[in-house]
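Single-letter residue listing:
Protein chains: 2
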Amino acid sequence: MKPTDDAKASDAQKAPPLKPGRGRRRAEDVRRATLAAAAELLFGEGVRAVTFDKVAARAGVSKMTLYKWWASPGSLAFEAYFDEVEDALAFPATGDVRADLTAQLHAFVALMERHGGAVAEIIGAAQSDRELASALEEQYVRPRRRLAVERLTVARQAGQIRDGVDLETLVDQLWGACYHRLLMPAEPLTAAFADKLVANLFAGIAGPAGDTPAVAATTAGTSG
Amino acid sequence: MKPTDDAKASDAQKAPPLKPGRGRRRAEDVRRATLAAAAELLFGEGVRAVTFDKVAARAGVSKMTLYKWWASPGSLAFEAYFDEVEDALAFPATGDVRADLTAQLHAFVALMERHGGAVAEIIGAAQSDRELASALEEQYVRPRRRLAVERLTVARQAGQIRDGVDLETLVDQLWGACYHRLLMPAEPLTAAFADKLVANLFAGIAGPAGDTPAVAATTAGTSG
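Top to bottom, those sequences are chains L and Y. With our numbering, the residue at position 23 of the first sequence is 23, and numbering never jumps. With our numbering, the residue at position 26 of the second sequence is 26, and numbering never jumps.
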């Protein structure tokens, strides 16, 4: 935790609940204390522990404020998660898309080594909880996909990714492949695995006898 | 349901619980009736409905038999699922690996259109249920991965996939990418998506300016 975060956290512990007119805590401080408390509960005890009651008590914030600012505890949990991982999962843009994707995927794998259990539990719970599923999609899945596609778009514009490649599909073949190892474990989720994901896509996997047979088969009569 | 299955199901309903020495039902018939009953419960009501009590009642099989043959209800649920989908998810081997993978992925996507909800619920529940997770891994994830890698190995031996490509990683970039769209929905899981998964890997995604920059960067000083 950074020094400024420590200061904020101890502020939050000492501060009384926010009261209208009292004016002791700015809205942004309250938001930060709330997200920090939600993240602690999320990573410490799992998504089910992120309730408005517990977060309000831990952040020293009134429950009314939480009800006003967040649609549901699930929505708060995801904003907390997103806020927590945003810096760690930033997309570098050095101009070399393979190096940048590799660096970002390594950071993602490292984050999963620390928080993969909580993340898997959230995604798991969302499969039978419509409200949580909606929060997951809106607060996490779509924003993360958007950031990835933005970085990939720059690479395609620079000619590092072929025209015509569907960038949304790449998201599933890079980060989705990692989530597969997290949620349906059998093989390890490692930095070396991330390297292979990138290499398979950029270098292609076709062997000398397999460059275009399927194309040839579906366009029978024309040369591949 | 096929006629033979109907016959088995009605047999199962009429048949008394299996008793030693009674000899009315062969072990294989009991096994089939049990798996059919478990599959009905799984697809109709979800994995939590697959209990030894309910399956025994529905299949007309004694609970003792279930305890003897299956380690847990989760293990029974997965054997039932695996048995149900085995034919639909067979790996064709026409000699053209791209066409074969595409056909198998289309069958997988079609299966998810019908049963994706139940599958997502199983995988979701496994994230916070150690016994279910273990059954999922042993009864489904590992056997499915093994079948996929076997088919991919034949393709690599035939030169349709490059030497050195890690086949386990391909499993995550094909079926894992599909599971990503099932479990963290935002973009649709369709046959067209499956086609793109295959195309990205076989054709590679590198553009004219992006063939080998990362390789050059990591082996600075040598030519890529």
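There may be inaccurate statements among the hints.
Distance condition first, Cα-Cα at most 20 Å in a straight line; then the derived SDA-like pairs of lysine to any residue [stated by the list, open to error]:
(1) 68(L) - 110(L)
(2) 196(Y) - 149(L)
(3) 68(Y) - 88(Y)
(4) 196(L) - 196(Y)
(5) 196(Y) - 75(L)
(6) 196(L) - 165(Y)
(7) 196(L) - 134(Y)
(8) 68(Y) - 35(Y)
(9) 63(L) - 75(L)
One side of the interface only, derived from the structure: several residues of chain Y facing chain L at Cβ under 10 Å [unchecked claim]:
(10) 60
(11) 92
(12) 140
(13) 151
(14) 155
(15) 158
(16) 178
(17) 185
Computed spacing ranges between beta-carbons, pair by pair [what the hints assert, rightly or not]:
(18) 142(Y) - 82(L): 31 to 39 Å
(19) 88(L) - 209(Y): 44 to 52 Å
(20) 93(L) - 130(Y): 40 to 48 Å
Source of the hints: derived by calculation from the structure; they are not laboratory data. Only a predicted model underlies this, so the values are computations on that prediction, with no experimental measurement involved. Don't be surprised by glycine CBs; every beta carbon is placed ideally from N, CA and C.
Evaluation of the provided hints:
1. This hinted pair does not check out: residue 68(L) and residue 110(L) have alpha carbons roughly 35 Å apart, beyond 20 Å.
2. A hinted pair counts as satisfied when its Cα atoms are at most 20 Å apart, and residue 196(Y) with residue 149(L) qualifies at roughly 16 Å.
3. Restraint check: the Cα-Cα separation between residue 68(Y) and residue 88(Y) comes to about 29 Å, which exceeds 20 Å; the hinted pair is violated.
4. For the hint pairing residue 196(L) with residue 196(Y), the CA-to-CA distance comes to about 19 Å; that is within 20 Å, so the pair holds.
5. For the hint pairing residue 196(Y) with residue 75(L), the CA-to-CA distance comes to about 32 Å; that exceeds 20 Å, so the pair is violated.
6. Using a Cα cut-off of 20 Å, the hinted pair residue 196(L) and residue 165(Y) holds, with the two alpha carbons roughly 8 Å apart.
7. Taking the CA atoms of residue 196(L) and residue 134(Y), the gap is near 27 Å; set against the 20 Å cutoff, the hint is violated.
8. Straight-line distance between C-alpha atoms of residue 68(Y) and residue 35(Y) comes to about 15 Å, which keeps the hinted pair within the 20 Å bound.
9. For the suggested pair residue 63(L) and residue 75(L), the alpha carbons sit about 15 Å apart, so the restraint of at most 20 Å is met.
10. Interface restraint check for residue 60(Y): the shortest CB-CB distance to chain L comes to about 30 Å, outside 10 Å, so the restraint is violated.
11. With 10 Å as the threshold, the beta carbon of residue 92(Y) stays out of range of chain L, its nearest partner Cβ sitting at about 12 Å, so the hint is violated.
12. Taking 10 Å as the C-beta contact cut-off toward chain L, the hint placing residue 140(Y) at the interface holds, the least distance being around 8 Å.
13. The closest approach between the C-beta of residue 151(Y) and any C-beta of chain L is roughly 13 Å, which is over the 10 Å cut-off, so the hint fails.
14. Because the closest C-beta pair between residue 155(Y) and chain L is about 7 Å apart, less than 10 Å, the hint holds.
15. The interface hint given for residue 158(Y) holds, since its Cβ lies 6 Å from the closest Cβ of chain L, which is under the 10 Å cut-off.
16. Given the 10 Å rule on beta carbons, the hint for residue 178(Y) holds: about 8 Å separates it from the nearest Cβ of chain L.
17. With its C-beta approaching chain L no nearer than about 6 Å, residue 185(Y) sits inside the 10 Å limit, and its interface hint holds.
18. Judged by the Cβ atoms, the range 31 to 39 Å given for residue 142(Y) and residue 82(L) holds: they are separated by roughly 33 Å.
19. The given range of 44 to 52 Å is broken by residue 88(L) and residue 209(Y), whose C-beta atoms sit roughly 29 Å from each other.
20. One distance hint, 40 to 48 Å for the beta-carbon pair residue 93(L) and residue 130(Y), holds here, with the actual separation near 41 Å.
The structure shown violates the earlier hints numbered 1, 3, 5, 7, 10, 11, 13, 19.
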